[in-house]
Amino acid sequence: MNAESKTLTLHEDRLFAPDTLQRAIARRLYAQVAHLPIVSPHGHTDPAWFAGNAAFADATELLLVPDHYVFRMLYSQGISLDALGIPRGDGSRAPVDPRAAWRVFAQNFHLFRGTPSSMWLNHVFHDVFGLRVRLDAGSADHYYDCITEALQTPQFRPRTLFERFNIELIATTESPLDPLQHHATIRDSGWGGRVITAYRPDPVVDPEHERFPDALSQFGEITGENVHTWDGYLRAHRQRRAFFASMGATSTDHGHPSAATAELSDAQARKLFDKVVRGRATAMDAELFRAQILTEMAAMSLDDGLVMQIHPGCFRNHNRALFDRYGRDKGADIPLRTEYVHALKPLLDRFGNEPAFKLILFTLDESAYSRELAPLAGHYPSLFLGPAWWFHDAPEGMWRFREQTLASGGFYNTVGFNDDTRAFLSIPARHDVARRVDCAFLAKLVAEHRIDEDEAAEVAVDLAYRLPKRAYRL
Amino acid sequence: MNAESKTLTLHEDRLFAPDTLQRAIARRLYAQVAHLPIVSPHGHTDPAWFAGNAAFADATELLLVPDHYVFRMLYSQGISLDALGIPRGDGSRAPVDPRAAWRVFAQNFHLFRGTPSSMWLNHVFHDVFGLRVRLDAGSADHYYDCITEALQTPQFRPRTLFERFNIELIATTESPLDPLQHHATIRDSGWGGRVITAYRPDPVVDPEHERFPDALSQFGEITGENVHTWDGYLRAHRQRRAFFASMGATSTDHGHPSAATAELSDAQARKLFDKVVRGRATAMDAELFRAQILTEMAAMSLDDGLVMQIHPGCFRNHNRALFDRYGRDKGADIPLRTEYVHALKPLLDRFGNEPAFKLILFTLDESAYSRELAPLAGHYPSLFLGPAWWFHDAPEGMWRFREQTLASGGFYNTVGFNDDTRAFLSIPARHDVARRVDCAFLAKLVAEHRIDEDEAAEVAVDLAYRLPKRAYRL
Amino acid sequence: MNAESKTLTLHEDRLFAPDTLQRAIARRLYAQVAHLPIVSPHGHTDPAWFAGNAAFADATELLLVPDHYVFRMLYSQGISLDALGIPRGDGSRAPVDPRAAWRVFAQNFHLFRGTPSSMWLNHVFHDVFGLRVRLDAGSADHYYDCITEALQTPQFRPRTLFERFNIELIATTESPLDPLQHHATIRDSGWGGRVITAYRPDPVVDPEHERFPDALSQFGEITGENVHTWDGYLRAHRQRRAFFASMGATSTDHGHPSAATAELSDAQARKLFDKVVRGRATAMDAELFRAQILTEMAAMSLDDGLVMQIHPGCFRNHNRALFDRYGRDKGADIPLRTEYVHALKPLLDRFGNEPAFKLILFTLDESAYSRELAPLAGHYPSLFLGPAWWFHDAPEGMWRFREQTLASGGFYNTVGFNDDTRAFLSIPARHDVARRVDCAFLAKLVAEHRIDEDEAAEVAVDLAYRLPKRAYRL
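Protein chains in written order, with our numbering: chain L, 1 to 474; chain B, 1001 to 1474; chain X, 2001 to 2474.
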């Protein structure tokens, strides 16, 4: 470790307003929620970790390679993905020493100043690994060694971390084609950690997904249904949803380019499905098909009770050359302007007033918060607002979410926090940031005499713990 | 009253920044405006209240049933409108005891934490009715009794409240078909309260309004014009506008789905009108007709001096089933993305530089504040910006309005506050919130040394009192 | 000077949060950057000033007549451009005494309260001219005399001011038709001030520009190329770009109505160009042509190293009558909603991953900051974000820029400040505001324990000085 490396601290008042009055209130509110168990109803951790409970390999494999939040920023400043050891689409990898990749990361850690990634990573470094110097070129090897050594010890196995993190429940996300064997292994292992799945059917409902034809065939094999007929296809969904529910799932998740829903007649739906399975769907057909599927999924949710989540508005794999070489999920997904009012009407016309139906909406278009989403959620009994998501889960984004949804939606049409992450070690950091931001926001309301502190304390606990359990039927 | 009920207070510094310096400045600025008379140039109170001066019935009828800001939030959490005693479209009502409805409201009052509704209601409870405990399940009956008893006393008659509220002037909003008899009654009564009307012709200018054909016929009867000809139709508007002006109106108001305006040739306008009156207008025709009417209204404003207001961008009655059962104005109106730059050009090309023409623009799409509205108002002499409106009249929304319009529009292209409410008792609360937010905003500018405090004080008084009178020609 | 005129002060802590902790941090950060040289890589000052070094005429000609930020606000309140002495499109001018015009400005200076114009102007009044009373009706003549007299002294010649302002480099903006004689004069003069040009080809690339046909012919004459053929046209660009580079240019600038780019085949491009030069391009053709040109310009940038800037999203000359009478740039440009994700894809598919290509993006649509621009810049190595621009360069706009781009873009995908101004005397004021806002923003991050103060200090210097030099290859 370099003698010039600076001290790494996690200040106990981080994210609270510096004003002494607000800060004191925020501290008191945070004390109510800081140690509540973590409920993580939506995320992308790998259930194999908890099934196999094997040690993570090294610092680079754990913290850098899988985290496209992190390597996208390095890439944006001209660092090649090969230099970081990111695997290519064909499974090959540039021959890069993980320590060398870590050094590149460390040398460029200043790029993350002020970003949520730096906040989460510093939390992991400090609290999970006990590091006490800042990450920079001088401390790169110290970090690499400390982390990699720690990972070989029993205290850093996935299940032990799960318990240490005080996770009450975590949901992963799987495709209908997934046999959920890891979830079965976990269930049968006798371990007490609660790891459930969620039903994410994108590959079998999006005709434009590159794997769609194969995925559809596999969908038929796994279910024994003739999924090339509309009736068989819908039955296959019902069957897999039931199976997912039997493995703990309480929700479905839909990552469409838009929020479009449709209400086709039975004849129209059959005709459209026919085009889709014959591979003759145009871009407009594909959009309409996805739209109709959302309405069909809502109908099934009414029957099986799975809570529906729509995560719309992302242009996936925007960088053509990068996609060709490295494949999906390499930090090149870009949000799109997203319309909800007309888009959701067909679905809401059918199910919007159903007491048993729950739909949680997300957005990457913050201009919709106050204009569309809060007014919709502040009216329809079936609608709830998911938290600030993905590009917007920084403290500023969380603050905008509250400021722009409170007036029309209140606190109680929101559902608490989702960490939505595959970076397992950052889960406590992310929930901590969300809790701190909500407490800071509530502290401002108290300091400005808009609500009383006892009310704020109740809201803080609701947001951190009760609302996610209620919203996701946990 | 339950022994556990908490104290209800209205803190004298509410809505001011907790920072001691800013708060001290805000207090001094607010002291200049706190007791200025209320000028309410745009709203939806019922002139019958001031004409008849009858007692309001009870707490539920006064505060819950007519306020779709309030019951929309309860509905969004699964409480049926029937349980709250909201009338259906056919005039019938579920047999609900008003006290029982009030209890449902009280039990769920926590849903409003942090919303403007809770702020306005608490102000009414505390200042108008003298209540000193918070509303909750335990205090529900105490509230119901206190309020309902008070309403039977002379001090709570509409005219007495009008005077107690220090209202200098209030504008109501009527359709051209309204005979304005209540306004005549008020004028002839010798009572000194100034209650004026505003000309809101939506039902006779929107071919898609469900009452359009009937409204048009009635428009002909009331004016004696052949309103099925373009010339007669325009003459009928001129005649009713003149009548409204004679009853005190200084403004017109237009609640269109978009801000579209048009500049058709005379021949085109006649042809379009012909389609409209024959009931053959397509959705595009209807949009074009509304657009042309805005331009025609502007032309009339230039002649008769009525200030024009456009309130665009709402999808009315979004919830189909609710509309079928309960009718309009049940909390299911949802804002839409709204474009102004192209939409207003036809009208502005004709009248934008006319010194005698005044157009006040509103929006439900906050993304237009800094991008379109402030630049337009900061250039065109005829254009002014109405305040943060409807879904955006919470403190956060008002703050965003100032932050996003100040740079290009300044303070002096805005028009002060509109309460825009049918909740008469909340009018002082709403104006108080607006004054406090403006003072808090100005205090920040002073504390950051961007304007001097004497300038801020002048602006505060301008925003609270002088600008609305100037903008609405009062 | 009127006895009632108030003192004009520039507080040393202006724009810093009033909270004592934040303010102290902001002061320390600002001390690091307050006296750094000014690097102005994008602006619209007139190189003739520095070539000829003649005295400016008077207060009105210097500060009012050329500044459409200023006279647009006066015009919006009903003051005619004639009364301010603004020249008409035909070169004529109403016979207005400049002192009388100045008095109108002074009487209405309250209209600018809280706007960036007032901040910049007060800085100029105080620091450049040493005025110590506020501008108002009473001090109008005092101002006019002080300023006009000062301008006749050697200390107020352009080159002396340039040096006094500590300008390390300033870029002006010229059309390809400009012979750059002033830049040659400056270079040959032996004066040490560094004034470079930038290549802004709008008149020869926009078929809808009113001067396009003439400009194209002139483009041919000046280059000796047959610019009515596609190959000759592209060669002419390459030639002029090289000439501009030889005169110091390091960047090009493109002010298109949208951010559209295109990737036409060679045959399609030739066919489109043919329509354009024959004057047969439709509006859609014109849009496609501009789109294709951006991609061609990017290709040339890859060769000649000029950094590319796109400034999209403005409806120019929105006020028809004003344009007919007074011509361009009279304060009637209005921002438009602007899409980037689809628009830029053709260009990025070709050049987005090129290490040698740099594209700096600007926007007038703030809703794109967090949704589109920061995610794009936080991924593509070639993309950088220009600062809050034009209607958004007030402190609030700069603050929104940082708050909405930090999470996905960080600080290091931004390029520091552009003053983008033709108001030469305001340049120190504008850079000072930008530095103060960045320091205030960083101080908040430090006070909330998100970054350490030593990191913030480094970022502050990067934003004020190092990043613009790196981004613009200076």
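To be clear, the hints were calculated from the coordinates, so they are not data collected in a lab.
Please read these numbers as outputs of a predicted model, since none were measured by experiment.
Please note that a few of the clues may not be correct.
Stated by the list, open to error - Over 12 Å on every C-beta distance to chain X, these chain L residues come out as not near it, computed from the model:
1. Ala48
2. Asp90
3. Pro116
4. Pro381
5. Pro395
What the hints assert, rightly or not - Restricting the straight-line Cα-Cα distance to at most 25 Å, the calculated cross-link-like pairs of lysine to aspartate or glutamate (DMTMM-like) are:
6. B:Lys1345 with X:Glu2210
7. X:Lys2006 with B:Asp1145
8. X:Lys2345 with L:Glu339
9. X:Lys2469 with X:Asp2303
10. L:Lys275 with L:Glu287
11. B:Lys1345 with X:Asp2329
Every residue gets a Cβ at the ideal spot worked out from N, C-alpha and C, and that includes glycine.
Each hint tested on the structure:
1. Ala48: The claim stands: L:Ala48 keeps its Cβ more than 12 Å from every Cβ of chain X (closest is about 28 Å).
2. Asp90: holds (18 Å)
3. Pro116: Answer for L:Pro116: violated, closest chain X Cβ roughly 6 Å.
4. Pro381: At roughly 29 Å from the nearest Cβ of chain X, L:Pro381 sits farther out than 12 Å, so the non-interface label holds.
5. Pro395: violated (8 Å)
6. B:Lys1345 with X:Glu2210: holds (20 Å)
7. X:Lys2006 with B:Asp1145: violated (56 Å)
8. X:Lys2345 with L:Glu339: Between X:Lys2345 and L:Glu339 the Cα gap is close to 21 Å, so the pair holds against 25 Å.
9. X:Lys2469 with X:Asp2303: holds (20 Å)
10. L:Lys275 with L:Glu287: It holds: about 13 Å lies between the C-alpha atoms, which stays within 25 Å.
11. B:Lys1345 with X:Asp2329: Roughly 18 Å separates the two Cα atoms, so the pair holds.
Of the numbered hints listed earlier, those contradicted by the structure are 3, 5, 7.
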